[in-house]
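Starting from the given sequences, assemble the full structure and let the hints guide the process.
Protein chains: 4
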Amino acid sequence: MEQNTGEQISANAPAPDAQAARQAGEHIRKNFASDNVAPVCPEILAAINEANVGATPSYGADPWTTRLKARVAEIFETDAAVFPVTTGTASNGLALSALCPPWGAVLCDESAHIDNEECGAPEFYTHGAKLRPLPSADGRIDPALLARALNGHADRGFHLSKLSALSVTQATEWGATYSLEHLREVTDLARGAGLGVHMDGARFSNALAHLGCSPADMTWRAGVDILSLGATKNGALAAEALIVFDPARAVEMERRIKRAGHVWSKQRFLSAQLLAWFADDLWLRNARNANEMASRLARGLLRQPGATLPYAIESNEVFVVLPEPLVQGLEQAGYDFYRWTTPPGVEGVLIRLVTRYDTTPDDIDGLLASLSAVA
Amino acid sequence: MEQNTGEQISANAPAPDAQAARQAGEHIRKNFASDNVAPVCPEILAAINEANVGATPSYGADPWTTRLKARVAEIFETDAAVFPVTTGTASNGLALSALCPPWGAVLCDESAHIDNEECGAPEFYTHGAKLRPLPSADGRIDPALLARALNGHADRGFHLSKLSALSVTQATEWGATYSLEHLREVTDLARGAGLGVHMDGARFSNALAHLGCSPADMTWRAGVDILSLGATKNGALAAEALIVFDPARAVEMERRIKRAGHVWSKQRFLSAQLLAWFADDLWLRNARNANEMASRLARGLLRQPGATLPYAIESNEVFVVLPEPLVQGLEQAGYDFYRWTTPPGVEGVLIRLVTRYDTTPDDIDGLLASLSAVA
Amino acid sequence: MEQNTGEQISANAPAPDAQAARQAGEHIRKNFASDNVAPVCPEILAAINEANVGATPSYGADPWTTRLKARVAEIFETDAAVFPVTTGTASNGLALSALCPPWGAVLCDESAHIDNEECGAPEFYTHGAKLRPLPSADGRIDPALLARALNGHADRGFHLSKLSALSVTQATEWGATYSLEHLREVTDLARGAGLGVHMDGARFSNALAHLGCSPADMTWRAGVDILSLGATKNGALAAEALIVFDPARAVEMERRIKRAGHVWSKQRFLSAQLLAWFADDLWLRNARNANEMASRLARGLLRQPGATLPYAIESNEVFVVLPEPLVQGLEQAGYDFYRWTTPPGVEGVLIRLVTRYDTTPDDIDGLLASLSAVA
Amino acid sequence: MEQNTGEQISANAPAPDAQAARQAGEHIRKNFASDNVAPVCPEILAAINEANVGATPSYGADPWTTRLKARVAEIFETDAAVFPVTTGTASNGLALSALCPPWGAVLCDESAHIDNEECGAPEFYTHGAKLRPLPSADGRIDPALLARALNGHADRGFHLSKLSALSVTQATEWGATYSLEHLREVTDLARGAGLGVHMDGARFSNALAHLGCSPADMTWRAGVDILSLGATKNGALAAEALIVFDPARAVEMERRIKRAGHVWSKQRFLSAQLLAWFADDLWLRNARNANEMASRLARGLLRQPGATLPYAIESNEVFVVLPEPLVQGLEQAGYDFYRWTTPPGVEGVLIRLVTRYDTTPDDIDGLLASLSAVA
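Protein chains in written order, with full-length UniProt numbering: chain P, 1 to 375; chain Y, 1 to 375; chain S, 1 to 375; chain X, 1 to 375.
Watch out, some of these pointers could steer you wrong.
Said to hold, decoys possible - Pairs of lysine-lysine, DSBU-like flavour, derived with a Cα cap of 30 Å:
1) Y:K69 <-> P:K30
2) X:K69 <-> S:K69
3) Y:K30 <-> P:K69
Claimed, not checked - Computed list of chain S residues with no C-beta within reach of chain X, every gap over 12 Å:
4) A61
5) D79
6) L150
7) G152
8) E181
9) R184
10) R221
11) P247
12) R255
13) W340
14) D365
By construction, these hints were calculated from the structure, which means they are not laboratory data. The C-beta atom is built at its ideal place from N, Cα and C for all residues, glycine as well.
Next comes the structure, spelled out in structure tokens:
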């Protein structure tokens, strides 16, 4: 529960005025706080500008949204129902509400964003379903623990919330990525017990770039029913795609979205972002850069005496334990990142460094140089 | 209830392909379907582009949002709590949830958007409060009927939902505008009975331009507790401001917004739209143009034999009853607008024509000319 | 909305101490306030005492509940799902939650208990569905108005709450009873438009006794999907039967009931009441007496100069308009009843007099005599 | 989560018919399945019969309810708000809804009934609050783990559900009882962090009898804000008292109860049960017998080779681990009880034996004799 709370307390969050002054130039190069501190990538901003022509029907009856649906069908090799929304929290909540009744329960990892960072959005959207977190080493569901949680639940009668869905996060909150085998193993267990499967894909593109497989292989072919596909952390202004692989599961989803106030009247500007993100593999190119920068950073950190990396680097997040003086040194050098809750018994300070579509090798080398300078 | 349903069935909604072809040029000039079919006005789009520099803290800790709060305090002459959100439906639902408990009821007009066009969003956000519509001539609450509804409700005990809020729409769904006196009369009645007051200001700027009073006079000085201020219908891409005049009413509003998935990670792009909308009175200039075009249109229609205008023209909506042949003539001439539910006993067809920030005198004259040509 | 609120303000409600003193004897004979001021009828109390033997499985796995299900199947000539609950409000809320999604709407009469007397229970149980009241003369849905409300709603898209259920009250709040033809006419309209049908049967047995038809004819054969069958107003201690004629509609109803806290651990005492109520036609015998006493009362009132009866006497409620002096006279004579909201323009005072399973001819004649004495 | 699920699968649950046959006589003497398989104790049933006189105002305006409130004030030495309801699940849900907002979280023990046995009732009543279970040895909150959970949560901002309440169970699901010191220690921590405190008192009277302290000492003087006081498991037909020690916390509780369908129209029969339960210390006499029988049973089991008792015997539940043959032997001898989930690594089978107000020494000795006979 604690591990994700860093999001709210940036070690180096400047005062608004200072921020204003530091927006351009140097600051961005030293900002490793999160992927969503970045600006919109040029191709997507251009698409928004290009979409600003003429009148078009509102509330999703626009041609951009029509094209988006065709594009997603192409990319995911299936005829899915697609709903563009503004935030990942909304997308996750809507997805779970289609998989879990109010008297149901959703199994997820103890580090899951849906349970720790969304202020009860899944409970709001599902009208009170429970989240049942399972412990894990790196945010990936342990098949043995999942099997134990599922075992016999069906016979326990109406006193227990009905286990109705499994939610997996790809890539996980710790930057790890499920292999297709691991993914299939847990979705088979869940589906075998009658549960639906949701994938929180806030960093889906990073995981996809890491595995190098097809979007279809990492989703419906691996047993995923609904995907919350995030573009905002990887270059968009504000755009997520809620993708329901079994259209039967999408019945009345428009009404779910409308009553939550998530239908844009000028939806062309939401769909246009996603179309640009998918165009010419922009989503994958952005993800690859972020991932490569994370690996470069990790390699450098491993050469740093006293640094330990608790998790595999399989997307664009680097968690590293450093001695307090080094952490303070980075902060004093103007670097922006989050101090995480350091696990009991661990020497030093756990920090999170996030790389982005716009992070450059120089940015990484600069941070590593600062670190050596401090050491 | 029926009168607003036209929104979904444009008389002339072209097929997506046709739409794509007709986006630019002629089509927009002939589109009177709604204010939200328009593109973003240039100043606001420019502001989005300008905001796309550097890294900035996410989730509202950015300097744009800080500046927005100061700007609103200036414009409304009070220290209000301000929350930028994406849609009017979300803004209305959030506002009502702060004014009405789950076991409460909200009094509103029978034509209110909150009761007819939001698929139960107020019920979703309030966790089940009731909306109690009151009949009216033009969408403005009748003080006598309001007094009757309030009379003695407090003594009726726990079997009845507790009347907790009054929601007024300024300008109304029929294009009428409350005078300050009328507004004060109904808010006095509501507050006297212990109710809070919400204003649905989807077309607030149009009403403000019509009355020529100050934003403070039309809101908190007139007894309004919470305002849903809409910018999207008047030039923005997707931006509404939820303004809570009594900060005490805003307790935990961030959590209400977060769990609904309405906190943008890159909120600078939401706040930047509103800052640009307020800059140099853009919001009022846009509203004045839309209002003037509506008056020009109304004047022309009144010269048209067989045309009757059931409502006063006090914002940017023109409702007109025309003989069926004239309506079909306009449709065949390529005009886009909605056929409304024609009241029983009325001869002809009731249609709605909406003018916008970007409607020109030529657009109006063109429509009037087409009409004369058909007649 | 106002008409039912009398329930909370008895014209003659004595102070608790006074009540204690007046419980036995004279007071009950003069109490016409409601059917639920009565004690439990002897046969049902005896059944509770008889059920108090030995240990039995809890939460509905007891043999009384098993027998109840068989008994209901017998009485209603179909294999329905039966759930005993404590109150009519719970039964109605649960029924509607199975017929209407959170984004749906329920059509009902403007006088419906579900909309006026349950403090938003239907909204609580359905997670925010809307109730859409239709006006009527006597609480019976007008087929023409129903047809108008249903007309074209299906095409209006996701901005509107989905019309999902019709709720009819048999007998109505005004004491009127639907004929089978009337009932069938409105259920045909509703089902033709894809709505489910709920019957609020708080006074079902009174209506059944009035029509003299079979329980099956007045429910599933007449197009009713779910019945809230009330026994408490007609002799039980606290017992209602939620009867779902299409078991498919009852999926997960146990969980709906459990999470509302309406599953009794010692459910034998709930089922035993209903078994006794059905035994030897007790439910019908009780209802017939109440109905006959209402007719006797009505006949007497009609002979009273200045008395007018606005509604047909078709169950156990008598609404009568009397001159204020006569009403005060009855109150001073120690009679307990409710003053209702007198419709605008009506001379005199509208009061409600309710007869019960234990009302005697002497009770009626006593009231009529007091009235004559006052006049 | 698993430990409580036995409730639904009695090792020896007879078929309904068999049950009917075995209701009287021998069966009850051999039934240790739960306290709620018992009949109503004679004093309470008599009170229900005595209350069945005359007419009385409905919905809680009766003199029994008035007397109940005075009686509770006397017993708890404070002027509390008292609401009689039917079930503990409803009482718990209502209590939590008054302590925790929809975006809040409730800390409770991992074995808590509210999290494992109520099918999401707390989430239903709170409109989606989270339950955050803490691990423990015997169902009593560990102050160190509680302190850790509370630490710094206030600074974590709106991304996290707001920790709003602590729920303690007295006696716990494992039969252990909080000492006043332990209770005070955890409530101090909770209140110090701004949380409200709820006590699930399904077996409150058993804990009270065990500690021999006053009701006030074990509740509001120990930092408890709201108590769910259960009578059903200890002799009542169906009656629980929701007691809010700070009346300010009880605002609109009637509306919460009404909209959940938990207001009885004939509430005299609910209040009369509780009045009889409190009269002449019946509640304590019943609890003492159940506790003594549990101790007698435990002492006997400890003399039984191969039997181990994992938990202290501090109320009326006895958990014992026995070799499988002994367990089967008891079942074959006609004993009714639940097999619990045996913790990993434990030899034998964990079963639960519950004693009641009507359990006799002979019943205990009979079970012990059967056990010896099998061994």
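Item checked: Least C-beta distance between R255 (chain S) and chain X, which was stated to exceed 12 Å -> violated (5 Å)
Next item on the list: Examine each Cβ of chain X, and state whether all of them lie more than 12 Å from the Cβ of R184 (chain S).
Entry: holds (29 Å)
Checklist line | Separation of G152 (chain S) from chain X, once the least beta-carbon distance is taken, above 12 Å | finding: Given that every Cβ of chain X is farther than 12 Å from that of G152 (chain S), nearest at about 33 Å, it holds.
Margin query: If we take the beta carbon of E181 (chain S), is the closest beta carbon in chain X still more than 12 Å away?
Written below: Label holds. Min Cβ-Cβ 32 Å, cutoff 12 Å.
Checklist line | Non-interface label on R221 (chain S), tested against every C-beta of chain X at 12 Å | finding: At roughly 28 Å from the nearest Cβ of chain X, R221 (chain S) sits farther out than 12 Å, so the non-interface label holds.
Next item on the list: Check the non-interface label on D365 (chain S): least C-beta distance to chain X beyond 12 Å or not.
Entry: Consistent with the label, D365 (chain S) stays out of reach of chain X, its closest Cβ about 18 Å off (over 12 Å).
Next item on the list: Confirm or reject the statement that L150 (chain S) sits farther than 12 Å, beta carbon to beta carbon, from all of chain X.
Entry: holds (28 Å)
Item checked: Agreement of K69 (chain Y) and K30 (chain P) with the hint, judged by alpha carbon distance not exceeding 30 Å -> Judged against 30 Å, a Cα distance of about 28 Å means the pair holds.
Notebook entry, point to check: Far enough from chain X: is every CB of that chain over 12 Å from the CB of D79 (chain S)?
Noted result: Per Cβ check, D79 (chain S) is outside 12 Å of chain X; nearest 17 Å; holds.
Next item on the list: With 12 Å as the threshold, tell me whether P247 (chain S) passes as away from chain X on beta-carbon distances.
Entry: holds (19 Å)
Check: Would you say W340 (chain S) is clear of chain X, with no C-beta pair closer than or equal to 12 Å?
Finding: holds (17 Å)
Checklist line | Pair hint K69 (chain X) and K69 (chain S), alpha-carbon separation not exceeding 30 Å | finding: Violated, at roughly 38 Å.
The structure fails hints 2, 4 and 12 (numbered hints given earlier, in ascending order).
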